[in-house]
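Residue numbers for the sequence shown follow UniProt numbering, so the first one is 1 and each next one is one higher.
If you're looking for bench data, these hints aren't it; they were derived computationally from the structure. These numbers come from a predicted model, not from an experiment. Take these hints with a grain of salt, some might be off.
Said to hold, decoys possible - Taking lysine-lysine pairs in the BS3-like style, the calculated list, with each CA pair at most 25 Å apart, reads:
id, residue 1, residue 2
1, Lys217, Lys176
2, Lys241, Lys180
3, Lys189, Lys123
4, Lys143, Lys230
5, Lys198, Lys143
6, Lys201, Lys164
7, Lys232, Lys143
8, Lys180, Lys232
9, Lys189, Lys164
10, Lys223, Lys189
11, Lys112, Lys164
12, Lys180, Lys207
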Amino acid sequence: MPILDLDDTIIRVIIVIIIVFITTLITGRIAKYMKKTEKFSENMTAVYLIHDIINYSIYFIAIMITLQMFGIDLGGLLLSLGIVGIAVSLAAKDIFSNFMSGIVLILGKSIKVGETVEINNHKGNVERVSLRTTRIIDDNGIKHIVPNSVLTNNTYLQYKAPEKYRINIIIHLPLKFDVKEFEEYVVNKISRYENVLKNPKPALYSKGINKDWMELKVSFWIKNYKNKDKYKLIITNEIRKYIESGEKG
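All chains, full assembly: derive it from the sequences and hints.
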(Lines of atoms letter the chains of each structure in order from A and count residues from 1; the text may use other names and numbers.)
(Lines give C-alpha, C1' and ligand atoms only; values in the text may rest on other atoms or scores of the structure.)
Protein backbone atom coordinates (compact mmCIF):
# COMPACT_ATOMS: atom_id res chain seq x y z
CA MET A 1 0.00 0.00 0.00
CA PRO A 2 1.58 3.32 -1.06
CA ILE A 3 2.24 5.98 1.51
CA LEU A 4 -0.21 8.87 1.34
CA ASP A 5 0.77 12.31 0.18
CA LEU A 6 2.16 14.43 3.00
CA ASP A 7 -0.66 17.00 2.90
CA ASP A 8 -3.32 14.29 2.83
CA THR A 9 -1.64 12.42 5.69
CA ILE A 10 -1.38 15.52 7.87
CA ILE A 11 -5.06 16.29 7.33
CA ARG A 12 -6.06 12.75 8.29
CA VAL A 13 -3.88 12.76 11.39
CA ILE A 14 -5.42 16.07 12.45
CA ILE A 15 -8.87 14.56 11.96
CA VAL A 16 -7.93 11.58 14.15
CA ILE A 17 -6.58 13.92 16.85
CA ILE A 18 -9.79 15.97 16.78
CA ILE A 19 -11.93 12.83 17.01
CA VAL A 20 -9.88 11.52 19.94
CA PHE A 21 -10.08 14.89 21.70
CA ILE A 22 -13.84 15.24 21.24
CA THR A 23 -14.53 11.63 22.24
CA THR A 24 -12.34 11.94 25.35
CA LEU A 25 -14.13 15.16 26.26
CA ILE A 26 -17.52 13.47 25.87
CA THR A 27 -16.32 10.50 27.95
CA GLY A 28 -15.25 12.85 30.72
CA ARG A 29 -18.64 14.59 30.65
CA ILE A 30 -20.43 11.24 30.84
CA ALA A 31 -18.27 10.23 33.82
CA LYS A 32 -19.09 13.50 35.62
CA TYR A 33 -22.81 12.96 34.93
CA MET A 34 -22.64 9.42 36.28
CA LYS A 35 -20.91 10.66 39.46
CA LYS A 36 -23.82 13.02 40.09
CA THR A 37 -26.48 10.40 39.30
CA GLU A 38 -27.77 8.62 42.39
CA LYS A 39 -27.76 5.23 40.64
CA PHE A 40 -24.01 5.41 40.01
CA SER A 41 -22.89 7.62 42.91
CA GLU A 42 -22.98 4.60 45.23
CA ASN A 43 -20.73 2.61 42.89
CA MET A 44 -17.96 4.90 41.68
CA THR A 45 -15.81 1.85 40.91
CA ALA A 46 -18.08 1.03 37.97
CA VAL A 47 -17.88 4.63 36.75
CA TYR A 48 -14.07 4.56 36.68
CA LEU A 49 -14.09 1.13 34.98
CA ILE A 50 -16.35 2.34 32.16
CA HIS A 51 -14.28 5.52 31.80
CA ASP A 52 -10.98 3.62 31.56
CA ILE A 53 -12.28 1.01 29.10
CA ILE A 54 -13.66 3.69 26.76
CA ASN A 55 -10.44 5.72 26.96
CA TYR A 56 -8.15 2.76 26.26
CA SER A 57 -10.40 1.69 23.36
CA ILE A 58 -10.30 5.19 21.86
CA TYR A 59 -6.51 5.36 22.02
CA PHE A 60 -6.11 1.88 20.54
CA ILE A 61 -8.44 2.61 17.61
CA ALA A 62 -6.74 5.98 17.00
CA ILE A 63 -3.31 4.32 16.85
CA MET A 64 -4.56 1.65 14.43
CA ILE A 65 -6.14 4.25 12.13
CA THR A 66 -3.01 6.41 12.19
CA LEU A 67 -0.78 3.45 11.28
CA GLN A 68 -3.06 2.58 8.36
CA MET A 69 -2.85 6.17 7.13
CA PHE A 70 0.92 5.88 6.92
CA GLY A 71 0.61 2.70 4.90
CA ILE A 72 1.93 0.38 7.61
CA ASP A 73 0.89 -3.25 7.19
CA LEU A 74 -0.90 -4.08 10.42
CA GLY A 75 -0.58 -7.81 9.84
CA GLY A 76 3.19 -7.59 9.47
CA LEU A 77 3.39 -5.17 12.35
CA LEU A 78 1.50 -7.50 14.66
CA LEU A 79 3.75 -10.38 13.60
CA SER A 80 6.83 -8.26 14.33
CA LEU A 81 5.40 -7.25 17.67
CA GLY A 82 4.85 -10.90 18.44
CA ILE A 83 8.52 -11.64 17.84
CA VAL A 84 9.70 -8.55 19.70
CA GLY A 85 7.19 -9.32 22.43
CA ILE A 86 9.15 -12.39 23.40
CA ALA A 87 12.12 -10.18 24.18
CA VAL A 88 10.17 -7.56 26.11
CA SER A 89 7.71 -9.88 27.85
CA LEU A 90 9.63 -9.76 31.11
CA ALA A 91 9.57 -5.95 31.11
CA ALA A 92 5.88 -5.84 30.25
CA LYS A 93 4.68 -8.54 32.61
CA ASP A 94 4.22 -6.12 35.52
CA ILE A 95 2.06 -3.82 33.39
CA PHE A 96 -0.04 -6.74 32.17
CA SER A 97 -0.24 -8.16 35.69
CA ASN A 98 -1.49 -4.84 37.08
CA PHE A 99 -4.00 -4.55 34.23
CA MET A 100 -5.43 -8.04 34.81
CA SER A 101 -5.43 -7.48 38.57
CA GLY A 102 -7.44 -4.31 38.05
CA ILE A 103 -10.08 -6.24 36.12
CA VAL A 104 -10.21 -8.87 38.88
CA LEU A 105 -10.57 -6.21 41.60
CA ILE A 106 -13.26 -4.26 39.76
CA LEU A 107 -15.38 -7.13 38.44
CA GLY A 108 -14.97 -9.10 41.65
CA LYS A 109 -15.97 -6.01 43.66
CA SER A 110 -13.38 -6.95 46.27
CA ILE A 111 -12.45 -3.27 46.67
CA LYS A 112 -14.80 -0.35 46.13
CA VAL A 113 -14.35 3.40 46.02
CA GLY A 114 -15.08 4.89 49.44
CA GLU A 115 -14.04 1.85 51.45
CA THR A 116 -11.20 1.92 53.97
CA VAL A 117 -8.29 -0.48 53.40
CA GLU A 118 -4.81 -1.03 54.80
CA ILE A 119 -1.97 -2.41 52.67
CA ASN A 120 1.77 -2.32 53.43
CA ASN A 121 1.17 -0.13 56.50
CA HIS A 122 -0.77 2.40 54.40
CA LYS A 123 -4.34 2.89 55.65
CA GLY A 124 -6.86 5.16 53.98
CA ASN A 125 -9.97 5.56 51.89
CA VAL A 126 -10.05 4.16 48.36
CA GLU A 127 -10.32 7.23 46.14
CA ARG A 128 -10.11 5.52 42.75
CA VAL A 129 -9.72 2.04 41.28
CA SER A 130 -8.38 2.10 37.71
CA LEU A 131 -7.34 -0.76 35.45
CA ARG A 132 -3.68 -0.49 36.54
CA THR A 133 -3.54 1.13 39.98
CA THR A 134 -5.61 1.87 43.07
CA ARG A 135 -5.37 5.30 44.68
CA ILE A 136 -5.68 5.50 48.47
CA ILE A 137 -5.79 8.72 50.48
CA ASP A 138 -4.92 8.60 54.19
CA ASP A 139 -6.12 10.78 57.09
CA ASN A 140 -3.28 13.25 56.45
CA GLY A 141 -4.41 13.81 52.87
CA ILE A 142 -1.44 11.91 51.42
CA LYS A 143 -2.25 9.90 48.30
CA HIS A 144 -0.74 6.45 47.87
CA ILE A 145 -0.69 4.83 44.41
CA VAL A 146 -0.79 1.05 44.81
CA PRO A 147 -0.27 -1.27 41.79
CA ASN A 148 -3.28 -3.57 41.50
CA SER A 149 -1.05 -6.66 41.46
CA VAL A 150 0.05 -5.76 45.01
CA LEU A 151 -3.57 -5.93 46.16
CA THR A 152 -4.30 -9.24 44.46
CA ASN A 153 -1.04 -10.92 45.50
CA ASN A 154 -0.84 -9.73 49.11
CA THR A 155 -3.02 -9.75 52.19
CA TYR A 156 -4.71 -6.44 52.98
CA LEU A 157 -7.14 -5.29 55.65
CA GLN A 158 -10.57 -4.09 54.60
CA TYR A 159 -12.64 -2.03 57.02
CA LYS A 160 -16.34 -2.11 56.35
CA ALA A 161 -18.02 1.22 56.98
CA PRO A 162 -20.99 0.96 59.35
CA GLU A 163 -24.44 1.86 58.01
CA LYS A 164 -24.74 4.48 60.74
CA TYR A 165 -22.14 6.24 62.85
CA ARG A 166 -22.19 7.97 66.22
CA ILE A 167 -20.39 11.28 66.59
CA ASN A 168 -19.22 12.42 70.02
CA ILE A 169 -18.03 15.96 70.67
CA ILE A 170 -16.43 16.84 74.01
CA ILE A 171 -16.82 20.49 75.04
CA HIS A 172 -16.05 22.71 78.04
CA LEU A 173 -19.09 24.88 78.75
CA PRO A 174 -18.43 27.87 81.06
CA LEU A 175 -20.43 27.73 84.32
CA LYS A 176 -22.31 30.95 83.49
CA PHE A 177 -24.33 29.07 80.83
CA ASP A 178 -27.55 27.24 81.64
CA VAL A 179 -27.11 23.58 80.72
CA LYS A 180 -30.79 23.05 79.89
CA GLU A 181 -30.87 25.98 77.47
CA PHE A 182 -27.64 24.81 75.88
CA GLU A 183 -29.04 21.29 75.46
CA GLU A 184 -32.19 22.58 73.76
CA TYR A 185 -30.12 24.75 71.44
CA VAL A 186 -27.71 21.98 70.43
CA VAL A 187 -30.36 19.28 69.99
CA ASN A 188 -32.46 21.65 67.88
CA LYS A 189 -29.49 22.58 65.68
CA ILE A 190 -28.39 18.97 65.19
CA SER A 191 -31.90 17.69 64.41
CA ARG A 192 -32.28 20.12 61.50
CA TYR A 193 -29.78 18.22 59.37
CA GLU A 194 -31.23 15.58 57.07
CA ASN A 195 -28.34 13.15 57.51
CA VAL A 196 -28.79 13.07 61.32
CA LEU A 197 -30.87 10.18 62.66
CA LYS A 198 -33.98 11.02 64.67
CA ASN A 199 -33.73 7.73 66.58
CA PRO A 200 -31.66 7.48 68.63
CA LYS A 201 -32.11 11.21 69.13
CA PRO A 202 -29.22 13.65 69.80
CA ALA A 203 -28.27 13.81 73.47
CA LEU A 204 -26.09 15.70 75.95
CA TYR A 205 -24.13 13.96 78.72
CA SER A 206 -22.16 15.28 81.70
CA LYS A 207 -18.52 14.21 81.94
CA GLY A 208 -17.29 16.36 84.84
CA ILE A 209 -17.10 19.82 86.39
CA ASN A 210 -14.56 22.19 87.94
CA LYS A 211 -14.57 25.82 89.13
CA ASP A 212 -14.49 27.23 85.57
CA TRP A 213 -16.48 24.93 83.30
CA MET A 214 -18.53 21.78 82.85
CA GLU A 215 -17.25 19.01 80.62
CA LEU A 216 -20.09 17.79 78.41
CA LYS A 217 -20.42 15.25 75.64
CA VAL A 218 -22.67 16.00 72.66
CA SER A 219 -23.68 12.73 71.01
CA PHE A 220 -25.66 12.08 67.82
CA TRP A 221 -25.94 9.52 65.01
CA ILE A 222 -25.61 10.10 61.27
CA LYS A 223 -26.78 7.92 58.38
CA ASN A 224 -23.61 7.96 56.32
CA TYR A 225 -20.23 7.13 57.84
CA LYS A 226 -18.43 9.05 55.08
CA ASN A 227 -19.87 12.34 56.37
CA LYS A 228 -18.60 11.95 59.95
CA ASP A 229 -15.87 14.60 59.70
CA LYS A 230 -18.15 17.03 57.89
CA TYR A 231 -20.91 16.93 60.51
CA LYS A 232 -18.51 16.94 63.43
CA LEU A 233 -17.06 20.19 62.10
CA ILE A 234 -20.51 21.71 61.44
CA ILE A 235 -21.85 21.03 64.94
CA THR A 236 -18.58 22.06 66.60
CA ASN A 237 -18.84 25.39 64.81
CA GLU A 238 -22.47 25.82 65.94
CA ILE A 239 -21.39 25.23 69.56
CA ARG A 240 -18.53 27.72 69.17
CA LYS A 241 -20.93 30.40 67.92
CA TYR A 242 -23.29 29.77 70.85
CA ILE A 243 -20.52 30.10 73.44
CA GLU A 244 -19.04 33.20 71.77
CA SER A 245 -22.42 34.94 71.62
CA GLY A 246 -22.97 34.19 75.33
CA GLU A 247 -19.51 35.49 76.23
CA LYS A 248 -20.18 38.76 74.42
CA GLY A 249 -23.57 39.12 76.04
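Violations among the numbered hints: 3, 5
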